[in-house]
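**Student:** My request is simple: use the sequences and hints to build the entire structure.
These protein sequence lines are chains A and B, in that order. Under this note's numbering, the first residue of the first sequence is numbered 1, with each subsequent residue one higher. Under this note's numbering, the first residue of the second sequence is numbered 1, with each subsequent residue one higher.
None of these hints come from the bench; they were simulated from the model. None of the values given here were measured: they were computed from a predicted structure. Quick reminder that beta carbons are idealized off the backbone N, C-alpha and C, glycines included. Any given hint could be a false lead.
Said to hold, decoys possible - Cβ pair distances, simulated, as ranges:
#: 1; chain 1: A; residue 1: Ala81; chain 2: B; residue 2: Val294; range: 47 to 57 Å
#: 2; chain 1: B; residue 1: Glu664; chain 2: A; residue 2: Ser18; range: 35 to 45 Å
#: 3; chain 1: B; residue 1: Ala566; chain 2: A; residue 2: Ala54; range: 52 to 62 Å
#: 4; chain 1: A; residue 1: Ala129; chain 2: B; residue 2: Gly266; range: 42 to 52 Å
#: 5; chain 1: B; residue 1: Ala301; chain 2: A; residue 2: Ala81; range: 52 to 62 Å
As the list claims (entries may be wrong) - Cut-off 27 Å, straight-line C-alpha distance, at most; resulting in silico cross-link-like pairs (BS3-like, lysine-lysine):
#: 6; chain 1: B; residue 1: Lys313; chain 2: B; residue 2: Lys381
#: 7; chain 1: A; residue 1: Lys118; chain 2: B; residue 2: Lys426
#: 8; chain 1: B; residue 1: Lys381; chain 2: B; residue 2: Lys106
#: 9; chain 1: B; residue 1: Lys381; chain 2: A; residue 2: Lys41
#: 10; chain 1: B; residue 1: Lys480; chain 2: B; residue 2: Lys313
#: 11; chain 1: B; residue 1: Lys213; chain 2: A; residue 2: Lys70
#: 12; chain 1: A; residue 1: Lys115; chain 2: B; residue 2: Lys213
To be verified - So, partial list: chain B residues that the calculated Cβ filter (under 10 Å) puts toward chain A:
#: 13; residue: Gly74
#: 14; residue: Gly76
#: 15; residue: Ser208
#: 16; residue: Ile211
#: 17; residue: Trp284
#: 18; residue: Leu285
#: 19; residue: His354
#: 20; residue: His401
#: 21; residue: Gly406
#: 22; residue: Arg555
#: 23; residue: Gln645
#: 24; residue: Arg647
#: 25; residue: Val650
#: 26; residue: Leu654
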Amino acid sequence: MPYRLNINGVSHEVNVPSEMPLLWVLRDELGLVGTKFGCGKGLCGACTVHVDGAAQRSCQLPVGRVGHAKIHTIEHIGATAIGERLQQAWLQIDVMQCGYCQAGQIMSACALLGKTPKPDTEQLHAAMAGNICRCGCYNRIRSAIRIAAGMATPAQESGRVA
Amino acid sequence: MLHDSQGVSLERRTVLKASLLAGGGLALEALIPIPVRALGAGVRQGSARAELSAFVLIAPDGVVTIMAKNPEIGQGVKTSLPMMVADELDCEWSQVRITQADVDEKRYGRQAAGGSTATPTNWLPMRQTGAAARAMLLEAAAAKWGVSSAELTTAKGRIFHSASGRSAGYGEVASAAARLTPPDLESVRLKDPAQFTIIGRPTVGVDSAGIVKGKPVFGIDTRLPGMLYAIYQVAPAHGGRLVKADTEAVKRLPGIKHVLPIRGDGDPDQGLADGVAIVASNWWLANQARSQLVIEWDLSAAQGHSTSVYRAKADAAIASGPGADLRRDGDAAGKLATAARRLSARYDYPFIAHAPMEPQNCTACYRDGRLEVWAPTQNPKEGLTSLEKSLGIAPDKVTLHLRRAGGGFGRRLLNDYMVQVAAIAKAIPGVPVQLLWSREDDIRRDYFRPGGWHNFEAGLDAKGNLIAFTDHFVTFGDGKTTARAANFNLALPPAGLIEDLHFTQTMLPTVITTGWLRAPASNALSFVSQSFLDEVAIAAGTDLPGLMLALLGERREIPAPDNRSAFDTGRARDVIEKVVQTSSWSHKPGESARAKGFAFYFSHRGYFAEVVDASVSASEVLVHKVWVAADVGSQIVNPMGAENQVRGAVIDGLAQALTGQAIEFVDGAVQQSNFDDFPLARIPMAPEIDIAWIRSDKPPTGLGEPALPPVIPALTNAIFAATGTRIRSLPVRLQTA
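**Tutor:** Spelled out as structure tokens, the structure:
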């Protein structure tokens, strides 16, 4: 089936079965490999993208249901103010170890701060609990979100990072 | 240029001598000489960059390229090893670019990520490499200016002659330097650590900036023109063999390019497992097509390889008395017979999977008798060995590119995925193909941390001193050797610290593939031994830090019985005393539902003492805070990465205990498959983690593993202190009403 998709502000045409999850359209049809495959069952959050601004697991979203929704991926998120702040915060305290899950983490964090600019710990945990980091970088993920939200500075968080 | 034969011996001598100068304490065989070609200088053909060694290239504009030799799996070596080179080169980190080296052990030395060995084995060679390049730059500048190199100094990538006021950037003399004979490493002077400008400074990982933008840095991100995507369907049970496959229905499905039944070499552990490959234009199409495969498997070898059967066999082995001798000191049985007080307890832990976030994958193209591979592997050399053994592709016919791995934890020390993709690529010459496992493949076809059972006995004298200790370990193996990572640790405390001790072992055969999981053996032995010693301490009227300090006694080195690193009781004392202080340790079992637990463990040359503060309710264990005291030597190379390794290890250990991780088998078939039934830690679980480094005068050692082992018994000891319930089996299962 031919589909016209709006991804990162660019129109793409693909010809794939309607049940193919968006993840595999992004990765194997369009070469947008920043969005990661982790579980294929919506359990780990590595494949998180924004669908009209909301965080969604792209491994659970059939391309036939995307319609005219605006899709944003990690490749584009730095073009938004929140996304850029998150990327900077992520680097200021070097959140990651292997880094594989971080695209999904940043996409979830970006959706969180879009809705809740100053999340408390409970809100932060609720928004981020769907994203697994096998390396266990959770302390720094919390810190980086707080830094990006203007709730802390890298110096304040430095006792926790380095 | 040096000749190979002279060079190797020269370098080996140099490295060994340098290690002794630096304080010794490392097993000599752990230090690997820089390969001679690493010292070979010469301007690379067709390149503007001057190649001062295999590791250091300098462009005319002063940009320094440093080759990262080892696989990067999240442990940070792609950053930390080049930091060592750059510091001794005396340039600025901002002028450095890092390039991942392809696999070429003749050129780069050992290229592997395992055993927390990168720091101790590369600490001197990488610094010497940087210092040698600096010496060549100085010599070139000295010749240019007609002065003695002894009159020159360097800073931030520039050379200065203070007498004449002249200076030059490294890029200005690099091409001349590359034509010089590399210096004898014995003559290369290393910095006083007080002069380090890069080592010891928190440094952001070299791939981090790309990762936050979604740049293609991982194995799974490899994309080649015309590349196809593959799955590899293996038997539903370990040890299964392919009888026949009907592939016709699958071949007709959209996007499917090839369906390839593949006979393995009968060695699914080391070689190529039987399977059916589906190759498609899109991975999802290949994966969807699996359900249409009609395959007949011979699963007879897997019969009886079930968790319940293993448990019953372990029970029987323990009931029948001690196993085969592993270590016998003095007369433990005699001392037990006359002890004023005896304790005994049985402990066990399950098989668990590695579950790195990036599922196993590998990309390959076979063309004109040559294989090119892009691999997220921890152990590329073993991959080359397997390719030759299973497929007859000689190592000199393989080009192996290292790709960043989305987590390793020991899983990628085995290269089964590499052999599989090579078998597929060989069947479709000229076509690049990426094999990607589903999460279910990844969980079920892991090389699991093997489960095990321990039957402990301890004897106390009338004063409460530990006078006898025994353990009967039931593990997996063929009767002669244990299965991979199913081994014991002959130096497991209190071994070497008391006179009468007896370790024995029984092996159960298994068809399940087992392997090294972060801190292999230690991740389980720490739990059982430090938990049982906590029981001993309480019976003796003390607490575990008190018991451990009493057992450790005076500061001394105890040689290991099996060529492992010697055990320094002084360093152990220091971390124990430190964490007692930082955690404001107090031990009042049974007083409150919130309590602290302690544990100590020595592994991978690192000394770690940890305290967990946890509270326990009917349904939940909540970890509030963890304190870590660590001694990994005189220098933390990159504190940014080092602290992440410790925090990650702590959270990893907590997850092993608290999320319910257990892999179970029914007739060789793995019952778990994904993160719903094999859970990992999630963000609410992550406690505050306090780290105190003790800077001993020993050479720096690795951090990928040794922080993990103590956290599990520290947690279970805290659960005992909070509830009075002793956790003797992992994962922790709370008694709920």
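**Student:** Next, verify each hint and record whether it holds.
**Tutor:** Now the hints, each set against the structure:
no.: 1; hint: Ala81/A - Val294/B: 47 to 57 Å; verdict: 54 Å, holds
no.: 2; hint: Glu664/B - Ser18/A: 35 to 45 Å; verdict: 37 Å, holds
no.: 3; hint: Ala566/B - Ala54/A: 52 to 62 Å; verdict: 57 Å, holds
no.: 4; hint: Ala129/A - Gly266/B: 42 to 52 Å; verdict: 44 Å, holds
no.: 5; hint: Ala301/B - Ala81/A: 52 to 62 Å; verdict: 59 Å, holds
no.: 6; hint: Lys313/B - Lys381/B; verdict: 37 Å, violated
no.: 7; hint: Lys118/A - Lys426/B; verdict: 55 Å, violated
no.: 8; hint: Lys381/B - Lys106/B; verdict: 11 Å, holds
no.: 9; hint: Lys381/B - Lys41/A; verdict: 34 Å, violated
no.: 10; hint: Lys480/B - Lys313/B; verdict: 18 Å, holds
no.: 11; hint: Lys213/B - Lys70/A; verdict: 19 Å, holds
no.: 12; hint: Lys115/A - Lys213/B; verdict: 22 Å, holds
no.: 13; hint: Gly74; verdict: 3 Å, holds
no.: 14; hint: Gly76; verdict: 7 Å, holds
no.: 15; hint: Ser208; verdict: 6 Å, holds
no.: 16; hint: Ile211; verdict: 4 Å, holds
no.: 17; hint: Trp284; verdict: 4 Å, holds
no.: 18; hint: Leu285; verdict: 8 Å, holds
no.: 19; hint: His354; verdict: 9 Å, holds
no.: 20; hint: His401; verdict: 16 Å, violated
no.: 21; hint: Gly406; verdict: 3 Å, holds
no.: 22; hint: Arg555; verdict: 31 Å, violated
no.: 23; hint: Gln645; verdict: 7 Å, holds
no.: 24; hint: Arg647; verdict: 6 Å, holds
no.: 25; hint: Val650; verdict: 7 Å, holds
no.: 26; hint: Leu654; verdict: 9 Å, holds
Hints 6, 7, 9, 20 and 22, counting from the list given before, are not met by this structure.
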